[in-house]
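Residue 2 is where the first sequence starts when you use my numbering, and the numbers rise one by one after that.
Errors might be hidden in some of the hints.
[Said to hold, decoys possible] Capping the alpha-carbon separation at 25 Å, the derived lysine-lysine pairs in DSS-like fashion look like this:
1. K325 with K257
2. K325 with K273
3. K452 with K417
4. K195 with K273
5. K448 with K417
6. K178 with K244
[Stated by the list, open to error] Computed spacing ranges between beta-carbons, pair by pair:
7. P348 with P157: 49 to 59 Å
8. R115 with S291: 48 to 58 Å
9. P418 with Q339: 49 to 59 Å
10. E295 with R495: 56 to 66 Å
11. G14 with P348: 18 to 28 Å
Hints are computed from structural coordinates only; laboratory data are not their basis. Computed from a predicted model, the values in this text were never measured in an experiment. For every residue, glycine included, the Cβ atom is placed at its ideal position computed from N, Cα and C.
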Amino acid sequence: MSVRVRYAPSPTGSPHVGNLRTAIYNWILARKEGGQFIARLEDTDRTPGRYLPEGIWEIEESLRYLGTVPDEWWVGGGSAGPYVQSERLESYKVHAEMLIESGHAYKCYCSRERLEAMRMDQQAKNMPTGYDRTCRDEAGRSRMYAQRLAELGHEPPYVVRLAMPLEGQTIVHDMVKGDIVYDNRTQDDQVLLKTDGFPTYFLACAVDDHLMGITHVIRGDDWLSSAAKFVAVINAFGWEAPKLAHPPLILGADRKKLSKRHGSTQFMDFVKEGYLPEALFNFLVLLGWSAGDENRELFSIGEIIERFSLQGISEHPAIFDYDKLKWINGQYIRQSPQGRIIGLCIPYLIKAGLISAEPTAEELEIARRVIPLEIERMKVLSEVADLTAYFFKDLDYPSGYEEKAVAKWFKVEHLKPMLLEEITLLSNLKDWEVEGIEKVIREIGDKLELKFSEVIHPTRVAVTGRTVGPGLFEAIWGLGRETTILRLQRVFDRV
RNA sequence: GGGGAUAUCGUCUAGCGGUUAGGACGAGGGAUUUUCAGUCCUUAAACCGGGGUUCGAUUCCCCGUAUCCCUACCA
2 MSVRVRYAPS
12 PTGSPHVGNL
22 RTAIYNWILA
32 RKEGGQFIAR
42 LEDTDRTPGR
52 YLPEGIWEIE
62 ESLRYLGTVP
72 DEWWVGGGSA
82 GPYVQSERLE
92 SYKVHAEMLI
102 ESGHAYKCYC
112 SRERLEAMRM
122 DQQAKNMPTG
132 YDRTCRDEAG
142 RSRMYAQRLA
152 ELGHEPPYVV
162 RLAMPLEGQT
172 IVHDMVKGDI
182 VYDNRTQDDQ
192 VLLKTDGFPT
202 YFLACAVDDH
212 LMGITHVIRG
222 DDWLSSAAKF
232 VAVINAFGWE
242 APKLAHPPLI
252 LGADRKKLSK
262 RHGSTQFMDF
272 VKEGYLPEAL
282 FNFLVLLGWS
292 AGDENRELFS
302 IGEIIERFSL
312 QGISEHPAIF
322 DYDKLKWING
332 QYIRQSPQGR
342 IIGLCIPYLI
352 KAGLISAEPT
362 AEELEIARRV
372 IPLEIERMKV
382 LSEVADLTAY
392 FFKDLDYPSG
402 YEEKAVAKWF
412 KVEHLKPMLL
422 EEITLLSNLK
432 DWEVEGIEKV
442 IREIGDKLEL
452 KFSEVIHPTR
462 VAVTGRTVGP
472 GLFEAIWGLG
482 RETTILRLQR
492 VFDRV
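Hey, can you work out the whole structure from these sequences and the hints?
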């Protein structure tokens with residue numbers, strides 16, 4: 002039977018990076034085994050604030066960006082659809098009734114108020130919390146039905162609860178954690194069907210995984226402690242449980258579950274900052290998975306698929322290392338064809354107002370010339386704006402210049418004569434090429450009997466307003482003759 | 001309170017009874033150079049604690065400790 006795995010996000014907002022990592026693990030396994038990767042929308046919680054359908058497109062975008070587009074999902078369809086749980090309500094209802102019939106589930110008429118009071122009482126007495134099974138009889142069937150019906154003349158609202166076995170053990174075979182034993186007596190009678198007719202995760206997931214032919218369930222570690230209940234539901238139907246794998250969670254620097262306080266956590270934040278898809282893919286996979294003794298950090302997607310196995314997933318949580326992500330992204334930026342990086346940088350230049358929304362041919366020409374000069378300084382694409390601003394914007398002296406740079410390099414005595422030489426020689430330079438520019442600048446140094454650095458540094462400041470940047474001759478070349486002369490002249494006039 | 005999981009440099013990790021405990025990010029130093037960056041070289045940096053098992057434990061078992069997760073008519 003072919004491997005079928007699924008990613009089951011809830012439409013509660015923009016997807017979290019940890020969430021996407023498990024999606025990636027699923028996708029990789031499907032690709033490796035020649036199976037199918039399925040995405041299913043778990044929209045069974047209709048609590049206001051927890052159902053945000055307007056965020057669904059971000060789930061879709063994230064998957065597309067990573068290149069992990071599902072083989073079957075709500076967008077592209079598939080033979081096991083629908084892939085949206087709210088469209089499968091009838092099925093859950095039928096299955097809940099099957100369990101009631103077979104004595105594996107029962108109707109519970111307890112009010113939320115009673116449940117709440119019960120829980121408070123348990124907590125106050127330092128007792129384990131959990132449903133007290135008032136509505137369940139010895140055989141696991143609904144006890145209160147006839148009584149309630151007689152009292153009220155009609156059936157009151159109810160939920161359906163799993164009749165968890167009262168003794169024995171449930172053993173979960175987890176592919177990353179190994180076998181885990183749970184005492185059934187410690188497991189609660191989980192609600193399966195809510196009063197509003199929507200299923201809970203446990204019912205919906207068990208039913209859908211079965212109906213969709215899911216063979217492997219890879220999901221976050223936060224599900225591990227309730228895995229016995231999940232398996233109990235599947236057992237109650239008499240189905241074979243899929244293989245389970247629970248990769249550990251991703252933590253923030255303070256070892257708490259990664260959240261907004263730690264910085265960006267939503268996948269789309271990283272996309273906006275300018276992280277390349279392959280960098281994100283590479284980083285996220287390596288955060289909790291290792292290729293063994295192969296001492297490498299950079300893997301192509303194909304190489305990862307070749308090497309991947311669930312056993313290679315580490316068992317302990319990992320702290321999200323923003324620095325390492327940046328490093329990986331920088332590596333991929335430098336590996337990429339320049340044309341691709343230039344294209345990806347354009348939107349950031351537009352956003353920063355450095356070029357127009359519909360860039361002119363001239364603007365594009367500058368971008369093409371100048372972005373390659375800064376690529377080795379780029380860790381994320383959004384940095385391109387700061388890095389290249391002085392190539393696009395007019396630079397006024399002294400307002401646009403770094404004070405420290407000016408203070409350090411403009412007080413030298415040779416400044417004005419040097420600028421004058423540069424203006425004349427560069428104006429007369431025949432071909433505007435890096436080599437020619439270098440030759441001219443070096444000649445000036447010789448002529449004025451200056452050390453090379455005494456020429457380079459003041460000139461850089463004069464022309465860019467700062468002390469850091471690409472090689473001076475590349476920078477001058479990138480600026481173009483007109484801008485270079487203009488800036489040299491202006492500094493000469495005003496200094 | 002109950003249940004589950006985990007524990008190697010600051011961080012991500014390799015190791016699957018005997019190793020000088022390896023690599024990477026980050027940090028320090030050096031080389032290159034025209035600044036920054038990049039690249040190359042290099043240094044410091046770890047087996048949570050206690051018991052076992054064993055000729056021998058980072059590795060296997062138990063206990064403790066710490067951390068994380070679950071404990072909802074949320075996923």
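Hint by hint, here is what the structure shows:
1. K325 with K257: 19 Å, holds
2. K325 with K273: The hint holds at about 18 Å.
3. K452 with K417: It holds: about 16 Å lies between the C-alpha atoms, which stays within 25 Å.
4. K195 with K273: This hinted pair is violated, its Cα atoms lying about 39 Å apart.
5. K448 with K417: 14 Å, holds
6. K178 with K244: Distance of about 12 Å is within 25 Å: holds.
7. P348 with P157: 49 to 59 Å: 58 Å, holds
8. R115 with S291: 48 to 58 Å: Hint holds: Cβ distance 50 Å, inside 48 to 58 Å.
9. P418 with Q339: 49 to 59 Å: The hinted range 49 to 59 Å is violated for P418 and Q339, with Cβ atoms some 38 Å apart.
10. E295 with R495: 56 to 66 Å: 59 Å, holds
11. G14 with P348: 18 to 28 Å: 24 Å, holds
Violated hints for the displayed structure, listed by number in ascending order: 4, 9.
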